[in-house]
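S.K.: Numbering (our numbering), first residue to last: -15 to 100.
No lab work stands behind these hints, which were simulated from the structure alone.
Beta carbons are placed, not taken as given, at the ideal position from N, Cα and C, and that holds for glycine.
One or more hints might be untrue.
Stated by the list, open to error - For each label pair, taking beta carbons as the anchor points, the in silico distance ranges come out as:
{"no.": "1", "residue 1": "L(-6)", "residue 2": "S18", "range": "35 to 45 Å"}
{"no.": "2", "residue 1": "L51", "residue 2": "L82", "range": "17 to 27 Å"}
{"no.": "3", "residue 1": "F20", "residue 2": "L94", "range": "39 to 49 Å"}
{"no.": "4", "residue 1": "P47", "residue 2": "R74", "range": "18 to 28 Å"}
{"no.": "5", "residue 1": "S18", "residue 2": "L82", "range": "33 to 43 Å"}
What the hints assert, rightly or not - Restricting the straight-line Cα-Cα distance to at most 35 Å, the calculated cross-link-like pairs of lysine-lysine (DSBU-like) are:
{"no.": "6", "residue 1": "K44", "residue 2": "K100"}
{"no.": "7", "residue 1": "K44", "residue 2": "K(-10)"}
{"no.": "8", "residue 1": "K100", "residue 2": "K(-10)"}
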Amino acid sequence: MVMLLKWVNLVLRGLMELGIVVALAYWGYRTGKSTFQSTLLSIGAPLLVFSVWTFIDFRKVAPMPELFRLIQELILSVLAAVAWYVAGQRTLGVSLALVSIVHHVLVYLLGERLLK
-15 MVMLLKWVNL VLRGLMELGI VVALAYWGYR TGKSTFQSTL LSIGAPLLVF
35 SVWTFIDFRK VAPMPELFRL IQELILSVLA AVAWYVAGQR TLGVSLALVS
85 IVHHVLVYLL GERLLK
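Starting from the given sequences, assemble the full structure and let the hints guide the process.
M.R.: Right, here's the structure in full:
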């Protein structure tokens, strides 16, 4: 049962990350006023968010790195859910928020950590 939950959580993690990328790209596409702006925002928004997600190593800068990583991931997930929502895809926004919450709850219920 634990192995099944770990597998489900891995799938949720993948869905969450994919949902974040697509949400930000879709928001950028819908927000741009011209083809150039839409293209720039649809590439730049996910790139910026994943740069922040990737390059900040809380193990070196925070007294409680796991807590700071959790907060960071939740903020990025919420931003992406809001991006879906304001781009007119309310169901996808709510779905992404729920996937993120379930994933993060399962991480800790299974005794795992975001930072390894």
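S.K.: Now look at each hint and say whether the structure bears it out.
M.R.: A quick look at each hint next to the structure:
1. The supplied range of 35 to 45 Å is met by L(-6) and S18, whose beta-carbon atoms lie about 39 Å from each other.
2. Judged by the Cβ atoms, the range 17 to 27 Å given for L51 and L82 holds: they are separated by roughly 22 Å.
3. The given range of 39 to 49 Å is respected by F20 and L94, whose C-beta atoms sit roughly 45 Å from each other.
4. The beta-carbon spacing between P47 and R74, approximately 38 Å, falls outside the hinted interval of 18 to 28 Å.
5. For S18 and L82, the Cβ-Cβ distance of about 34 Å falls inside the hinted range of 33 to 43 Å, so the restraint holds.
6. Distance hint between K44 and K100 is fulfilled; the C-alpha atoms sit about 13 Å from each other, no more than 35 Å.
7. Taking the CA atoms of K44 and K(-10), the gap is near 28 Å; set against the 35 Å cutoff, the hint holds.
8. A distance of roughly 15 Å separates the Cα atoms of K100 and K(-10); the hinted pair therefore holds under the 35 Å criterion.
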